[in-house]
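Visitor: Chains A and G supply the protein sequences, listed in that same order. Residue 1 is where the first sequence starts when you use full-length UniProt numbering, and the numbers rise one by one after that. Residue 1 is where the second sequence starts when you use full-length UniProt numbering, and the numbers rise one by one after that.
If you're looking for bench data, these hints aren't it; they were derived computationally from the structure. Note that this is a predicted model, so its numbers are computed, not measured. Be a bit skeptical, because a hint or two may be false.
What the hints assert, rightly or not - Cβ-Cβ distance ranges computed for the label pairs, FRET-style:
# : chain 1 : residue 1 : chain 2 : residue 2 : range
1 : G       : Lys-274   : A       : Arg-136   : 29 to 35 Å
2 : G       : Gly-275   : A       : Asn-202   : 45 to 51 Å
3 : G       : Pro-108   : A       : Pro-51    : 43 to 49 Å
4 : G       : Asp-114   : A       : Val-130   : 51 to 57 Å
5 : G       : Thr-308   : A       : Asn-203   : 53 to 59 Å
6 : A       : Gly-127   : G       : Lys-111   : 55 to 61 Å
Beta carbons: idealized from backbone N, C-alpha and C, even for Gly.
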Amino acid sequence: MTQQFAQEIEIKPKKKGVFETDAWKRFKQNKLAVFGAVLLSLFVFVALLAPVLAPYDPYVSQVNELGTYDVHASPSADHLLGTDSLGRDMLSRLIYGARVSLSVAFAAVLIATITGVILGIIAGYYGKWVDTAIMRLTDIVICFPVLFLAISIATILKPSIFNVMIIIGLVSWTTMTRLVRGEVLRIRETEYIEAARAMGQNNLIIMAKHILPNIMAPIVVQATLQTAEAILTESALSFLGVGVQQPVPSWGNMLNEATSILVLQFKPWIWIPAGLAILLTILCINFVGDGLRDALDPKTKKT
Amino acid sequence: MSTLLEVDGIKKWFGLEREGLFGGERQFVKAVDDISFTINKGETLGLVGESGCGKSTAGRTILRLIEATEGKVVLDGTNLYDLKAKDLKKLRKDMQIVFQDPYASLNPRMKVKDILEEPIKIHTTLTKQQREEKIKQVISDVGLNAMYLERYPHEFSGGQRQRIGIARALVVEPKLIIMDEPVSALDVSVQAQVLNLIQDIQEKYNLTYLFITHNLSVVKHISDRVAVMYLGRIVEIGDKSAFFKEPLHPYSKALISAIPETSQLNRRERVILKGDIPSPVNPPSGCRFHTRCPFAMDKCREVEPALTEIGQDHFVACHLYEVGGEVIGKI
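Same shape as in the complex, but just chain G:
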């Protein structure tokens, strides 16, 4: 399996207004602070974390919808951050995004047909007739009737709109789609339908997904690998089955223990975290999680742990798994 997307140490710091007349040192919101991962072709990487941890910012920074402060993103051999605006526009054909809010992501003044036609017009030289054929094919692939094409977005339900949003990403046949919480705004009954649709089209169009969500059940359903973000950092990344069977990072353990379980037999012990997520302006020293970690040691307050491989393709950033610089394996 070859790598499609390689994210290498990207940072996105948002500068805050200086306080007072002369300010002093400028402060930054470190929304995304040095994250790295790779996604293989045809794979789905689930990116999870609580709200405000920087997962959506990460998605947008990867696509260069917002400019990164630092880092490198390589899509299929091309470093996106080196490209000039003009070349980047051409490459946008290969990477698309589906947004969270289906009510805000479609232009209310455009017919569905025009919404879907726009990306094709930008990126291909197809004739009007070919474009129409393409649109009809894609709209039926996302499970909508071609008769809907003449309608405006406000005439649709949330689930249908999300299908249109997915269709808009599909028409240019991208390699990578970033799914930014595509089902969070939908009804639970519709969520399943849209998730299945997302899986179906992945096969049909040979897509690679970065699936951003805060919902672990969704991740369990859809992704091949899972990355957990906390306060702008990736704390654990690994294969889905390994991750759900045995999460390594205390934060991951807490997240997984929070999934409601219906069966008495499978009841786990709840790991309950104290306090709130700290401010990303002044993240805690050392390990960012130490303020809420039930296993925090002195070392955690001083030294920031690096992502180290513990199991097969299973990385974690936690001092609990090393002694004197040596990785001691699972505990």
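Just chain A, same shape as in the assembly:
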């Protein structure tokens, strides 16, 4: 009966693009997430087009009409966000800072995600002593005070953008490892993994083809949320002077000037934009992360 029935109906194989999937539909319904995604892409866009958009060179002190360096100038038509203590244009530095802060965050998260996913899958899949070894290592790394560790490494190595990426990457893979391990433990017991083993598939392919695609959703969400954390860590390190070094602008080291009470109280244009940029980016990333979590969860059916 069912067979005949099935043969009578013409079934068109549906080719679905990214923008037609259920996940995308659910994501679209979350207004905050869409708002976050739009604003975030705007930031990324600005960061990419920094040389075109920035009105001045962020490394050059500006000279005013009196022929002196235009130090701590308040916002004006010439310098929309004013200038800093060395007379550099704040808007240009903010735009170039986006480049640095975002790329540090993305690179760090990439390192953390790759490390975390690989270790997590291995620990979860092989179990036994491999699992114990990896998870105890994770516990140890979690116990490190992140800032202290970062500061010590940054002092031993020379503080630079690349070192900041690596440092943040190396201390933040632990959450991902734990998450991935848990998910793998769940998937490993399913019958389709058993079926793959019963057909003699080798372990690497089982992990890559059968397990990884089925745990992508939580990984994507975690990586997104981790980006926010990475931006924050980078800002903190740069603020403390062990992260991205002057004269390279980053949102964190732009805040550094606010350590002076004079700047903090009377020259808010120097630190408010950078602070706001960090706040907004993190907020947007978290909105997007939450939206993704809801959208990628197959249990929430589209309405």
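Using the hints, position chain G against chain A.
Guide: For chain G alone, coordinates are given in the frame of chain A:
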């Protein structure tokens, strides 16, 4: 008829965590405790028992999906338990398994085409085109339309998914398929269709089945011989017709008397068992069934009965059929 599968004294004990800091003696769940049987080529052996008696564990242990504690499994002349991992992978072509839950046994992120192609890729050197032909042929053999190949598992009903699961086992043309409760999760109306399909492909592909189930009606329908498991042991094994006509072991009698009968004339006396299945961690001494057996004798509490041949190819492990070491035949 030649033997395809010979299972000889396999055991699977799962170790429990030691209690306390220094523990003491380690305890084991004796899921499968010394079972032996053979299956001939082209035959279907039904393995029945209530849930928790170790039938699924037995199936998986035979395929070495979980490593056995002890024993020997010979498939077509090769001892599986002696093989190295690499050689075992090659031999997996000959033995496949169909799972109980059609919702969990297909990877939700793979198209049906990819699910079916994977085993062929592993075990053969067929070209892409040959693989596609093979897949199309198998999918129509299990009664599905080739148009379904581009779809994902969640777009199918339970019965259709089970057909896909069967097709996945079929594509490498195995000799033995272990059917692990393949119809238990399905609707009764669909059960019959899938059972018939299982019988049809057995003829077409010259398959041998180990059919694991808790449903005696299904066993009656599909198998040639029946083995009854209780608490990790086989208590009775024999030809289907003999078994259903005259079950020997008190446990088998109870099981068969529990099959609902519609006709008044065929009503049997119900043998109702007391109590629950004991824990497989500390199975009862002597005969494992003595705690629930209506005919239990003193001997049953002390001596474990061995499987002995009572009728033609009909074995039972029960003291009721022997006196002073002598088999007295049927009672």
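Visitor: A separate judgement is required for each hint: does it hold in the structure or not?
Guide: Cross-check of the supplied hints:
| no. | hint | verdict |
| --- | --- | --- |
| 1 | G:Lys-274 x A:Arg-136: 29 to 35 Å | violated, 49 Å |
| 2 | G:Gly-275 x A:Asn-202: 45 to 51 Å | holds, 47 Å |
| 3 | G:Pro-108 x A:Pro-51: 43 to 49 Å | holds, 45 Å |
| 4 | G:Asp-114 x A:Val-130: 51 to 57 Å | violated, 29 Å |
| 5 | G:Thr-308 x A:Asn-203: 53 to 59 Å | violated, 44 Å |
| 6 | A:Gly-127 x G:Lys-111: 55 to 61 Å | violated, 30 Å |
Of the numbered hints listed earlier, those contradicted by the structure are 1, 4, 5 and 6.
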